[in-house]
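K.L.:
Chains as they are written, first to last, in my numbering: chain A, 1 to 315; chain B, 316 to 835; chain C, 836 to 1143.
Careful: at least some of the hints might be erroneous.
Stated by the list, open to error - Listed next, the in silico BS3-like pairs over lysine-lysine satisfying Cα-Cα at most 25 Å (straight line):
(1) 12(A) x 948(C)
(2) 164(A) x 810(B)
(3) 1099(C) x 752(B)
(4) 895(C) x 618(B)
(5) 1004(C) x 18(A)
Read the hints as simulated data drawn from the structure, not as lab findings.
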Amino acid sequence: MCPLKALQRLLKNIKSNKSMLLMMLPVFTFVVINSYLPMFGVIMAFKNIDYRSGILRSPWVGLRNFRYLFSNDLAFRITRNTVGFSLAFIAIGMVLAVSIAILLNEIRAKSAKKIYQTIIILPNFLSIVVVSYVVYAFLDPVNGLVNKSILEKLGIKGISWYSKPEYWIAIAPIVNFWMSAGISSIIYLAGIAGIDPELYEAAIVDGASKRRQIWSITLPMLKPIIIISLIMSLGGLIRSNFGLFYQVTLNSQLLYSVTDTIDTYVYRALTVAGYGTDNVARAAAAGLYQSVVGAALVALANFAIRKIEPESALF
Amino acid sequence: MKKLSVSLLAMLCAICLALPGCASGKAPVNAPASQAPAVQGESSAAAPVADAKPFVTLRFAFPAGNGGEQRDQALVQAAISAYTKERLNADVILNPLDWSVAGERIPLMVQSGEDVDIVFMPDWMGYYGYAKSGAILPLDDLLAEYGQGILSTLPESLIEGPKYNGVLYGIACNKDISFTGGLFLTKALVDKHGFDVNSIKQVNQLEPWLKTIKDNEPGITPMFFGTGNLDWLGLPTEESKDEGYVFDKGAGVGFNNVTEKFVPYYETVFAQSYFKLIYDWKQKGYINEDAGLNQTDNAAEIKAGRAWTLHSSSQPGQIETWSILAGQPMTLVKGRPAYVTNSATCGALVALTNANKDPARSIEFLNLLYTDPYIENLCLWGIEGTNYIKEADGRISLPPGAETWNDNGYNPGTSWEYGNQLTSYVTTESEADQWEKLEQFNKTEMVPAADLGWSFDGTAVQDELDACNAINSEYSSILKNGMDDAEQTLATINKRLHDAGLDKILAEMQKQYDEWLAVK
Amino acid sequence: MAKRKMHDPFGVSAPVSVAIHALFILFSLACILPVLLVAIVSLTDFTAFRANGYSFFPAKWSLFAYKYLLSDFGLIANAYGVTAFVCIVGSLLQVVSQSLFAYPLCRKDFPFKGFFSVFILITMLFSGGLAPSYYIYVRVLHIKNTIWSLILPMLGGGYTIFVYRMFYKINIPMELIDAAKIDGASEGSIYARIVLPLSLPILATFSLFGIIGYWNDFFSCLLYIDSTKLYNIQFVMQRSLRNIQFIQDNIRYMGGSAASEMQKITAQLPAETLRMAMAIFGMGPIVLAYPFFQRFFIKGLVVGAIKG
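Let the hints inform the model, and build the full structure from the sequences given.
P.N.:
Here it is as structure tokens:
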């Protein structure tokens, strides 16, 4: 299209949508300040930062700062752990959050409902360090509640929880759901609150069972928000909850084969003896790597959704 | 329309990339400071009279208890400003950062080119990285010109140690140069079983003691590995007593201080014997089962009567401190001597940032901290009469109205960070000859590491370093705490290290080291 | 059957209801027991804790951790004020600006919706890092040590905007908007009179999340605030712990008597019980505020508005 015509068209569009564009101004400003202005930082990933010349004029070093992420035999392990846990957390977490919302909604007793709702969001407010203490109180091999108060009473020898990586395939997700399922369900509760009761009334008149109602009305009405959440979560596929895998595990080296994720690996790589490595650039490189993969996944997922449910696509 | 959207977005991004460059007239993480310090120094030296120096405001950022909210901060600052105006025609403003935030703030200040001229910058806040990347200024010429007081006060090792590539970037605080390692034991049990703490020269010699305690003192862990200020004992094992002390340089690299050779750390006689010993002791129950994992404070465990020992660094006065914290008299088995390593000397450094407005004046100010006890103590202890009272024997006590040193109006607790600690005041809660003892400690007990002042440029072997670093950080805790079979773990780690290119690293290190030696 | 329909057309059968309750009771127990443990430990005497570890039945109770936490009452009161202001103003700003932003995105006739969607999406995936943000706030905007540095970092967009957009698309029929336009209503009044009332559940959700987010944020305070007058409550609590941590981490460099004094000070500070007290304290207000928001999660709230 001829550039002049396009520009004319653009100006016309701006003029006729003035008020709506104005509505977007506040967030636009905030986003420019908070996200786009600092965005120049991503180029640090490709540079050997020299403060004398400043970021913009520091020498480019291509992909050198990314090498530490891939250059050794751990690359596979950390990726596998990160992706594996992320997938589990996303999939199972979603099922749990939606189920909780649906079930909560079926409770008639208002006060019971309120109490449950309040209690299940509590774990989300404990800082991850406190969570690690709580988990330790349970899993301490010597004095922990599990070994001492449960297993011992049953005559089973205490398990050395922090030495056996296989258990953590279950422990990490359990801790994760315990912390987040409650608060994640809130948004689905809001979603259900927005469903027109007439739909249900009509279904009941048709003789639909509860299960059928949920399957045919509730879930489809929640589908858009589920899809958005899924796509967004995919953006974080190769990120992990650092606190969970570093602090809750007490950074036990015996568990690394399962609990070492990209984020914990980066932390280890950057905090041990420097020998003059450029940690700022390397941290930026790790972040950029995770961002690019996440963006690609989101784009892919969005593309797929566009074919199936175009209304729910992000763009 | 879609094409236009994309190009609009691209334009937006481009604008945003360029915008910071326009901000404040300076590009980010950079303040194109004045010319090279040497030039600056010359021009100042050429100025005939101090008054000819233009007035400049310098900001000095460092960690402090209570940050900038000491009650009398403004009063003390006024006194400091008056002093610096008179002596230097400058206003040196202290910018104390609360301990809780200093670790994050100071690096950000340096990276973003904030208006801070002097910073506390020890190696654990990134000193070496900033030296390499030019975020802090080289100081050799400046010190020669303006810092004679510093150069004559600081012991040689504190000047050589923090050098990076032969150039000094940080001025050390004049305090204890290094610290020894030791094993602290409860005196009661030592006396009860007639142990002689001076007889232990090798780690193995502890075994009969541990056995005795294990057999005769039920409920007490002979050797407890907990949390809270712990360190290495540092004594050789019986097998390694002739090997020479080997420093663990990280990434599986060891440096033998006697032979001055770089060796695979986990293949040294010490590593092989020591870690197996630890694992053996763990199996025998001499070491607590949850070593390396627990959250238990070591001293508290002793106080509760469940542990006998703790490993710690040992400075003069440490026994008394541990005795108080453990709730009973402690005694000490001396461990490794006070090796003066690079990292020991870099524990408290002051550097000039790239954004420094007047390096010469900054050094002059720092110089005064080392030579003029008045300004040193003004910065550390505040104003006489208001924040402290001087006693006859030279020590200081609380001013009227204050119950503890926390409410005397000004107590940032920074004597260990900058300046000449040996000229700072001693409170009546400590011994009057505290600094004499420290000087004695410094003079007599320091053992310089052979590589003091040497720095390694890892660019040639970066990939191998990363790989070995990752491997090392996977097993170090397991070995140190006896969490898994030592023999197997050592075999695994050694194989992996060699496959990852440890030999290449060692060769490169040796090469650079030998070159450095030749030049020295 | 008919009777049940009239009284409770949405109900489940009794056994299922019991099962659901049982499930939630179990889940609630699982959630509250650890929190209870944290609360009990926070009330445990420090020496008893060090001697006996985590226990639901401490040997000795003590309010020391809370006393220590709240010892500087003036500071705490001020911090509460700061936090209240930041939470309310920040959350309000968030909700208003984000819901406003999302409205044009849901309109099919808005030509820029693709552009702005991608605009927001990029910010959710890419970040410049901490140092550049610090640079912008401190050296470009000069908002260091002001209350704006506590509010601004969490303003912007992301997940919430897409959820708003989705909510509008589903729940706000285009006919309603067209009708209003025919009547001559401006976009602004359409938003205020049609969109907002129909979005109550989602507005409530994100107000709550906004308040929670601002409440929890101590990091902005850590980075940008020097004056104790602007400390927020989470930071004040974190500060005690971080001070202890700093001392413990660096004690070997502190040397001589300075080290001993520091060690003695930190040994008397009940780090673990303090941390637990902080956790309980931190969750208190939110837990108290949540029931207020719960009324918005009642089914039929939105439709009632339309019908009415």
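K.L.:
Hints broken by the structure, by number, lowest first?
P.N.:
Nothing - there is no hint that the structure violates, so all of them hold.
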